[in-house]
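For the record, the sequence lines run as chains A and B. Each residue of the first sequence is one higher than the one before, starting from 0 at the first, in numbering that gives the first Met the number 0. Each residue of the second sequence is one higher than the one before, starting from 0 at the first, in numbering that gives the first Met the number 0.
It is possible that some hints are incorrect.
[What the hints assert, rightly or not] One side of the interface only, derived from the structure: several residues of chain B facing chain A at Cβ under 10 Å:
(1) Ile63
(2) Pro67
(3) Pro75
(4) Tyr76
Read the hints as simulated data drawn from the structure, not as lab findings. C-beta atoms are modelled at their ideal positions from N, C-alpha and C, and glycine is treated no differently.
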Amino acid sequence: MDNSKFRVAVIGIGLTKFGEHWEKGLRNLAIEAGVNAVTDAKIEGKEIDAMYIGNMASGRLTGQEHLGALVADQIGMNIPATRVEAACASGGLALRQGLLSILSGQHNVVLVGGAEKMTDMSVDQVTTTLMGAADEEWEGFQGLTFPGLYALMARRHMHDYGTRREHLAMISVKNHEHASMNPIAQFQNKITVDQVLKSTMVADPLTLLDCSPVSDGAAALILCREDIAKKYTDNPVYIVGSGQASDTLALAQRKSLTRLDATIMASRAAYKQAGVAPKDINVVEVHDCFTIAELMAVEDLGFAEKGKGGKFIEEGNTKLGGKIPFNTSGGLKACGHPVGATGIKQACEVVMQLRGEAGARQVKGAEIGMTHNVGGSGATAVVHVFKK
Amino acid sequence: MHRTSVPLLWRRFKHHYRLLGNHCKTCKTDYYPPREICPTCRRKGVLEEKEFEKKGTIQTYSIIYAGPVGFDKQTPYAVALIKLDNGPVLVSQIVDAPFDQVKIGAKVTAVFRKIYEDGKEGIIHYGLKWKVV
Chain A
0 MDNSKFRVAV
10 IGIGLTKFGE
20 HWEKGLRNLA
30 IEAGVNAVTD
40 AKIEGKEIDA
50 MYIGNMASGR
60 LTGQEHLGAL
70 VADQIGMNIP
80 ATRVEAACAS
90 GGLALRQGLL
100 SILSGQHNVV
110 LVGGAEKMTD
120 MSVDQVTTTL
130 MGAADEEWEG
140 FQGLTFPGLY
150 ALMARRHMHD
160 YGTRREHLAM
170 ISVKNHEHAS
180 MNPIAQFQNK
190 ITVDQVLKST
200 MVADPLTLLD
210 CSPVSDGAAA
220 LILCREDIAK
230 KYTDNPVYIV
240 GSGQASDTLA
250 LAQRKSLTRL
260 DATIMASRAA
270 YKQAGVAPKD
280 INVVEVHDCF
290 TIAELMAVED
300 LGFAEKGKGG
310 KFIEEGNTKL
320 GGKIPFNTSG
330 GLKACGHPVG
340 ATGIKQACEV
350 VMQLRGEAGA
360 RQVKGAEIGM
370 THNVGGSGAT
380 AVVHVFKK
Chain B
0 MHRTSVPLLW
10 RRFKHHYRLL
20 GNHCKTCKTD
30 YYPPREICPT
40 CRRKGVLEEK
50 EFEKKGTIQT
60 YSIIYAGPVG
70 FDKQTPYAVA
80 LIKLDNGPVL
90 VSQIVDAPFD
100 QVKIGAKVTA
110 VFRKIYEDGK
120 EGIIHYGLKW
130 KVV
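Please model the complete structure; the sequences and the hints are all you need to start from.
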């Protein structure tokens, strides 16, 4: 992106409600979000040059593969349509692929979407399927689960830095509070630290209320070249930085258990491209699949020193009205986590914030926002910086 | 529905049963599970099989209460990252000990155990779990 002569704008956003959609299947959700994005962008369907669809596990969760063609079929178009998969970072990566396709000069207007239908399967089947995002052959074989992998990181963070379970619980409490102001959120109820600590243990030290839920949902964005954005909208939001990095699939082989190096590398690349530093960011959507993941993101994205994330959160800095609001949407924890949709939903939230359309959860005067989407236990990280 | 195909794990018997990984002669790094190429030396790496001693130390742990398919009857069970005394870090279960003995820094040694049963008609998988010494 450094050498390109133009930027890419987001001119439309579309979301479904996140939650348990018993009456809707994968294709219904994907189309609903796409139509909402096209309507928001005020473009004609025929103006779209290509589509990128983020999805992690439709084959195992619903039996349906070949999602690119499925979505093109449903909207009656013959344009290139590509499914993108990077586990829980599938959405963020679909966004990045759409962005790169425009920067390459190949396309002018691109739809990027994400969708996941998870509730047709039982919880233990979903748990097993999600382990495909880790090292299934070695971690899955030993009975590890995703909450288990993040619990291993949480335990070590507590041991090394004195992080307490209360610090983790405060993240859930904050995300539920933010979600109470978000009409699409799966959980709009407020909770207390005590409730988080006393809820059912899933993988010690993480309880049920430290974990993001099983969700259905979809999200979509319309991207276009900067020079044609004003044709469609008076308030385009620009993508000014994009970073992606990879790390070992298995947690055991990482250099550190208390940070995600992929997050550090992807965010530094995105900051550099955007010419910004953490102090310039006004609002950020991070990948809080488990509370410890948000705490590590606070540190790895550069908002607090390593080991000081707990204190930074305790001081209220990440709340709406604080120094840098984290997850105004409610995050994965309370807004919900339909895996492939999450990275796109994060971008929709940041665009709403920068447009000033976030209602009760609006961050006043937000001009620069960021999204942080993680795949697996940290094997992929995708970071984007957005500017008004 | 089976969790894992039989040949997928059959290919791994010697690695699972004997704690057999590999070692790069160029950079002297140990790998478990074994790698196809040394990620540090790549084309300059020379990998040879290496059997690790079944002794290590717990780096971090968790107790799993909600298990995946095949492990649901074993819950709650302890899992840990174990730094081998003469090898790399691996992930496995800790057994034969009350949970309060599962601690960061605890010394562990491997025991041969059933890992999980793959449904009513699938095969029973075996491998190593670890106990506190």
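Quiz item: Is the shortest C-beta separation between B:Pro67 and chain A less than 10 Å?
Solution: Nearest chain A Cβ about 4 Å off; hint holds.
Practice problem: Answer holds if the nearest beta-carbon of chain A is closer than 10 Å to that of B:Ile63; otherwise answer violated. | Solution: Holds, about 5 Å.
Quiz item: Regarding the hint that B:Tyr76 lies at the interface with chain A, is the smallest CB-CB distance below 10 Å?
Solution: Given a least distance of 6 Å, the restraint on B:Tyr76 holds.
Practice problem: Mind checking the CB of B:Pro75 against every CB in chain A and telling me if the closest is under 10 Å? | Solution: At 8 Å from the nearest chain A Cβ, B:Pro75 passes the 10 Å test, so the hint holds.
Hint check: no violations occur; every hint is consistent with the structure.
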